[in-house]
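Chemist: Spelled out, the chains give:
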Amino acid sequence: MPKSPSGSGPPRRSKAKAGVPGKNAPRPEAQILSPDARGGTSTEAPPAGVVIDLPARPRKAVRQREYKPPSAPRFRIFIIDSGWNSVARRVLRHNFALIRRLHKEELLYLLSRKKSVEFIRRHRSLIGRDPIIAVHDLKAVELHGTEHFHGFHLHLGIPRTPRQALMALQTFAQFVGTHRHSGNLEAEIRSDLRREGMLGAVEILLHKVPRALGR
Amino acid sequence: MLDRFGEAVSVVLGALALAYLVYEIDRRKRKLRDLFHVLDGEEADISADLLSMVESGELQPYSREVRA
Numbered sequence: 001m002p003k004s005p006s007g008s009g010p011p012r013r014s015k016a017k018a019g020v021p022g023k024n025a026p027r028p029e030a031q032i033l034s035p036d037a038r039g040g041t042s043t044e045a046p047p048a049g050v051v052i053d054l055p056a057r058p059r060k061a062v063r064q065r066e067y068k069p070p071s072a073p074r075f076r077i078f079i080i081d082s083g084w085n086s087v088a089r090r091v092l093r094h095n096f097a098l099i100r101r102l103h104k105e106e107l108l109y110l111l112s113r114k115k116s117v118e119f120i121r122r123h124r125s126l127i128g129r130d131p132i133i134a135v136h137d138l139k140a141v142e143l144h145g146t147e148h149f150h151g152f153h154l155h156l157g158i159p160r161t162p163r164q165a166l167m168a169l170q171t172f173a174q175f176v177g178t179h180r181h182s183g184n185l186e187a188e189i190r191s192d193l194r195r196e197g198m199l200g201a202v203e204i205l206l207h208k209v210p211r212a213l214g215r
Numbered sequence: 001m002l003d004r005f006g007e008a009v010s011v012v013l014g015a016l017a018l019a020y021l022v023y024e025i026d027r028r029k030r031k032l033r034d035l036f037h038v039l040d041g042e043e044a045d046i047s048a049d050l051l052s053m054v055e056s057g058e059l060q061p062y063s064r065e066v067r068a
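Keeping their order, the protein sequence lines are chains W and Z.
Each step along the first sequence adds one to the number in the numbering used here, with nothing skipped, and position 208 is 208.
Each step along the second sequence adds one to the number in the numbering used here, with nothing skipped, and position 22 is 22.
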């Protein structure tokens, strides 16, 4: 004999507990907050059991901030990345927003992958060195164009480990941030970043240069 | 005889240590030079290419606001 669904088993509890409305019960808040019930134009209250759609809260219009170019940029920063699956690429992508925030006063240009590949194809000496952060010193470019010193490249494709890439990026960020009013940028790049000269050799010996960078 | 031999060994070892030091410093400097490459006349064409991309309007400054 087949068992009836509501057979001899333990009686199922009703889902609706005392004071808790069931699924199909009218939503009390819908009734309370409906415009009519709040004393709107209509005097008739909606019949019980009718769910009234509340008007959606008007969303605040998303403020579109207009881009204001920096008033007195010292550098033009280009990011060239053809898309090698390298640790540096990942490090750069993870920290790009921070770099942007730290250097809001500079002009930043981000080359798309396609443009980067085209650019590197035109300048083949750069193959394998990207991601490249090219920093052009606008003051130097104004003075004597690109024929003499006019900036530097950070070749992020050279570091092999994420730590090395991150340290290189941090060194770059600190240098650009602290030398934007420099009178002799070339000399400062050579002494502070590249550790040229006898003093640089001593600093390398004394581990003033992060070991991860020099390795 | 042993004294002279010992002296010679220490001189050679000292020279080797010094050579290693010079080599290591040079290697690290070269690495730094590669990493932070100074732009001058040799890279004029690379920089001029980037500048021409900016001047032609092909490249626009990155303008997306970063949320505070």
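For the record, the hints were derived by calculation from the structure and aren't laboratory data.
Certain hints may be false.
Unchecked claim - So the derived label-pair ranges between C-beta atoms look like this:
| id | chain 1 | residue 1 | chain 2 | residue 2 | range |
| --- | --- | --- | --- | --- | --- |
| 1 | W | S191 | Z | A48 | 49 to 55 Å |
| 2 | Z | D49 | W | S182 | 36 to 42 Å |
| 3 | Z | L16 | W | N184 | 26 to 32 Å |
| 4 | W | R160 | Z | D26 | 16 to 22 Å |
| 5 | Z | D3 | W | N184 | 50 to 56 Å |
| 6 | W | N95 | Z | F5 | 23 to 29 Å |
| 7 | Z | A8 | W | F96 | 56 to 62 Å |
| 8 | Z | D49 | W | L143 | 19 to 25 Å |
| 9 | Z | V12 | W | L138 | 53 to 59 Å |
| 10 | W | L138 | Z | A15 | 46 to 52 Å |
| 11 | Z | A8 | W | N184 | 34 to 40 Å |
A quick note: this is a predicted structure, and the numbers were derived from the prediction, not measured.
Even for Gly, the Cβ is constructed at its ideal location relative to N, Cα and C.
Chemist: Could you tell me whether the CB distance from A8 (chain Z) to N184 (chain W) stays inside 34 to 40 Å?
Modeler: 49 Å, violated
Chemist: Okay, S191 (chain W) versus A48 (chain Z) on CB: inside 49 to 55 Å?
Modeler: Distance hint for S191 (chain W), A48 (chain Z) is violated at roughly 27 Å.
Chemist: Could one say that the CB atoms of N95 (chain W) and F5 (chain Z) fall in the range 23 to 29 Å?
Modeler: At 58 Å between Cβs, range violated.
Chemist: Taking the beta carbons of L16 (chain Z) and N184 (chain W), is their distance inside 26 to 32 Å?
Modeler: For L16 (chain Z) and N184 (chain W) the Cβ distance comes to about 39 Å; the hint is violated.
Chemist: Could one say that the CB atoms of V12 (chain Z) and L138 (chain W) fall in the range 53 to 59 Å?
Modeler: With a Cβ separation near 54 Å, V12 (chain Z) and L138 (chain W) satisfy 53 to 59 Å, so the hint holds.
Chemist: With 19 to 25 Å as the target window, see if D49 (chain Z) and L143 (chain W) comply at their CB atoms.
Modeler: Holds: the Cβ-Cβ distance is about 20 Å, inside 19 to 25 Å.
Chemist: State, for the Cβ atoms of L138 (chain W) and A15 (chain Z), whether the hinted interval 46 to 52 Å holds or is violated.
Modeler: 49 Å, holds
Chemist: When you take the CB atoms of D3 (chain Z) and N184 (chain W), is the distance between them in 50 to 56 Å?
Modeler: 54 Å, holds
Chemist: Between the beta carbons of R160 (chain W) and D26 (chain Z), is the distance compatible with 16 to 22 Å?
Modeler: The hinted range 16 to 22 Å holds for R160 (chain W) and D26 (chain Z), with Cβ atoms some 19 Å apart.
Chemist: Could you tell me whether the CB distance from D49 (chain Z) to S182 (chain W) stays inside 36 to 42 Å?
Modeler: 25 Å, violated
Chemist: Given the range 56 to 62 Å, decide if the beta-carbon distance of A8 (chain Z) to F96 (chain W) lies inside it.
Modeler: 58 Å, holds
The structure is inconsistent with the numbered hints 1, 2, 3, 6, 11, although it conforms to all the rest.
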